Amino acid sequence: MTCRRASAVHLRCAVDDRKLYFSIVRLLAIKETLIRAGRAVRRAPKEKPA
Numbered sequence: 004m005t006c007r008r009a010s011a012v013h014l015r016c017a018v019d020d021r022k023l024y025f026s027i028v029r030l031l032a033i034k035e036t037l038i039r040a041g042r043a044v045r046r047a048p049k050e051k052p053a
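So the sequence shown is numbered by this note's numbering: it starts at 4 and just counts up by one.
Since the hints were derived computationally from the structure, they do not count as laboratory data. All values reported here derive from a predicted model rather than from experimental measurement. Positions of the beta carbon are idealized from the N, C-alpha and C atoms, including for glycine. Hints are not guaranteed to be accurate.
[Claimed, not checked] Computed beta-carbon distance windows for the label pairs:
| id | residue 1 | residue 2 | range |
| --- | --- | --- | --- |
| 1 | Ser26 | Ala47 | 31 to 39 Å |
| 2 | Arg45 | Asp20 | 48 to 56 Å |
| 3 | Tyr24 | Arg46 | 31 to 39 Å |
Use the sequences and the hints to build the structure in full.
Below, the structure written as structure tokens:
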């Protein structure tokens with residue numbers, strides 16, 4: 004994503020894009036962790052007595 008405006012505005016847009024990118028990556032990582040935790044819980048039911 005490129006901004007053709009002033010350099011300060013371009014820098015701010017780049018920072019916003021980076022924040023958005025990192026927030027998306029963090030959400031995907033959290034989702035993957037939850038999925039793995041769910042699989043581990045399903046795979047080992049003997050740890051938790053019903």
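Hints, verified against the model:
1. Judged by the Cβ atoms, the range 31 to 39 Å given for Ser26 and Ala47 holds: they are separated by roughly 32 Å.
2. For Arg45 paired with Asp20, a C-beta distance near 38 Å fails the hint of 48 to 56 Å.
3. At roughly 33 Å, the beta carbons of Tyr24 and Arg46 sit within the given window of 31 to 39 Å.
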